[in-house]
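Number of protein chains: 2
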Amino acid sequence: MLYTKQTEISRATFGRIPLYLSYLRTLDDETATISATTLAGKVGLGEVQVRKDLGAISGAGRPKVGYAVRELIKALEARLGSSGNTNVVVVGAGRLGRALLDYGGFKAYGLNLSAAFDIAVEQAQESACGKPILPMRDLEAYCTRHDIRIAILTVPADCAQTVCDRLLSNGVKAFWCFAPCTLSVPPEVTVKYENMALSLAYLNINTIANEGDLL
Amino acid sequence: MLYTKQTEISRATFGRIPLYLSYLRTLDDETATISATTLAGKVGLGEVQVRKDLGAISGAGRPKVGYAVRELIKALEARLGSSGNTNVVVVGAGRLGRALLDYGGFKAYGLNLSAAFDIAVEQAQESACGKPILPMRDLEAYCTRHDIRIAILTVPADCAQTVCDRLLSNGVKAFWCFAPCTLSVPPEVTVKYENMALSLAYLNINTIANEGDLL
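Quick note, the sequences are listed as chains A and B, same order.
Under my numbering, the residues of the first sequence are numbered 7 to 221, in order.
Under my numbering, the residues of the second sequence are numbered 7 to 221, in order.
It is possible that part of the hints are untrue.
[Unchecked claim] What follows is a set of in silico ranges between Cβ atoms, one per label pair, in the way DEER data are often shown:
#1 A:Asp144 x B:Gln131: 30 to 38 Å
#2 B:Pro193 x A:Arg68: 36 to 44 Å
#3 A:Pro193 x B:Asp164: 41 to 49 Å
#4 B:Ser28 x A:Lys80: 49 to 57 Å
#5 A:Pro162 x B:Ala38: 29 to 37 Å
#6 A:Asn91 x B:Thr168: 28 to 36 Å
#7 A:Ser16 x B:Ala130: 21 to 29 Å
#8 A:Pro193 x B:Pro192: 41 to 49 Å
#9 B:Thr168 x A:Asp144: 40 to 48 Å
#10 B:Thr150 x A:Arg68: 57 to 65 Å
By construction, these hints were calculated from the structure, which means they are not laboratory data.
Cβ atoms here follow ideal geometry from the backbone N, Cα and C, with glycine treated the same way.
Hey, can you work out the whole structure from these sequences and the hints?
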């Protein structure tokens, strides 16, 4: 309770947590405190930025002393949720699903993409990185056993709702949905939609606009 | 010039263009006009929304007549940039790069991911969908020959800037960057950063927050 603040932090601040942590974790045990100035220099950010970020996450440093390193690490880890690793499942083990399953970047944020499921998989397989790719019939048991709260949907749009419903009945509270569809979920459940094509297309029209062509 | 407006449109409006187009393209040549009411019903959106979207894209419909179907299609296609297909290259043909290269969803937005490049590729290969994956030495010639203005970077962070510089010298004006880094580009060049891990992690903390746990 000492180390964390309940305030909302911005996505930008949140995104910088791994940067702070990766430096702070290199410090030996003898380094009890660190000033915002030093930390800012080490991670290549402005001092004002660092004070603001850490202020939102763990509270202000002590004047002339700075931040207690161990406490700061704990506060940052708690925000990331990485003290306890969060298991996430991927449903739909096509190219995108497999790419996400094996992507190494989630770990820094305390996220463990622990398994994928696919309707075309009859017997348990392994991904290129050795993660399990399981038949759909194992979905419910797996979610219960691993306390899955977050699922990534990389299934075709026409079966996304069916998959979503099965996951909802098994305690999933948040979806990252790559299928081009709108999911019907209870109000307490979060859905983040990812439309890769739209992201690129929007970049395209803005580029054309910058070039002065007729839109 | 008749069909398009120069105004900026929102990402949300832009995202609905394929929806309008996919319905309008099913109409036969005898359907010369369509009302906002009819179109709204067919695509499952509110009439106000449809009027607003089309107003921003092609101007208002004529009272009691509606929108001229052929002109509306042209205006929507012009906004998407799909009358002339935009070629895009992917640099970095790892799992994510290949998943994007072969993803079918870009086509509806007039985008053609035409080739990928990778430092590990010595001889031209084909992706699972038959698209070329080429050696890095072919990058410059390919970009020039295919008038490439947009590149997707799915390379490791430590070589992203080098790749970016090579593409900049060859006329690329926009980057969709999946590498966790900040690219240094001239002011007229657009970079959209995609941090997949951060997106999922942010969903995670918001889910925990909804559950009332300590952040």
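Structure-based check of each hint:
Checked against the hint of 30 to 38 Å, the C-beta distance between aspartate 144 of chain A and glutamine 131 of chain B comes to roughly 34 Å, which is consistent with it. For proline 193 of chain B and arginine 68 of chain A, the hinted distance range of 36 to 44 Å is satisfied, since their beta carbons lie about 41 Å from each other. Roughly 44 Å separates the CB atoms of proline 193 of chain A and aspartate 164 of chain B, a value that falls within the hinted 41 to 49 Å. For the pair serine 28 of chain B and lysine 80 of chain A, the supplied restraint of 49 to 57 Å holds, since their beta-carbon distance comes to about 51 Å.
In this structure the supplied range 29 to 37 Å holds for proline 162 of chain A paired with alanine 38 of chain B, their Cβ-Cβ distance being about 35 Å. Look at asparagine 91 of chain A against threonine 168 of chain B: about 34 Å separates their beta carbons, and that is inside 28 to 36 Å. The hinted range of 21 to 29 Å is not satisfied by serine 16 of chain A and alanine 130 of chain B, whose Cβ atoms lie roughly 44 Å apart. Between proline 193 of chain A and proline 192 of chain B the Cβ separation comes to about 46 Å, which falls inside the hinted range of 41 to 49 Å.
A beta carbon spacing of about 44 Å between threonine 168 of chain B and aspartate 144 of chain A agrees with the range 40 to 48 Å that was offered as a hint. Our hint of 57 to 65 Å for threonine 150 of chain B and arginine 68 of chain A holds, since their Cβ atoms are close to 59 Å apart.
Checked against the numbered hints listed earlier, the structure breaks hint 7 alone; every other hint is satisfied.
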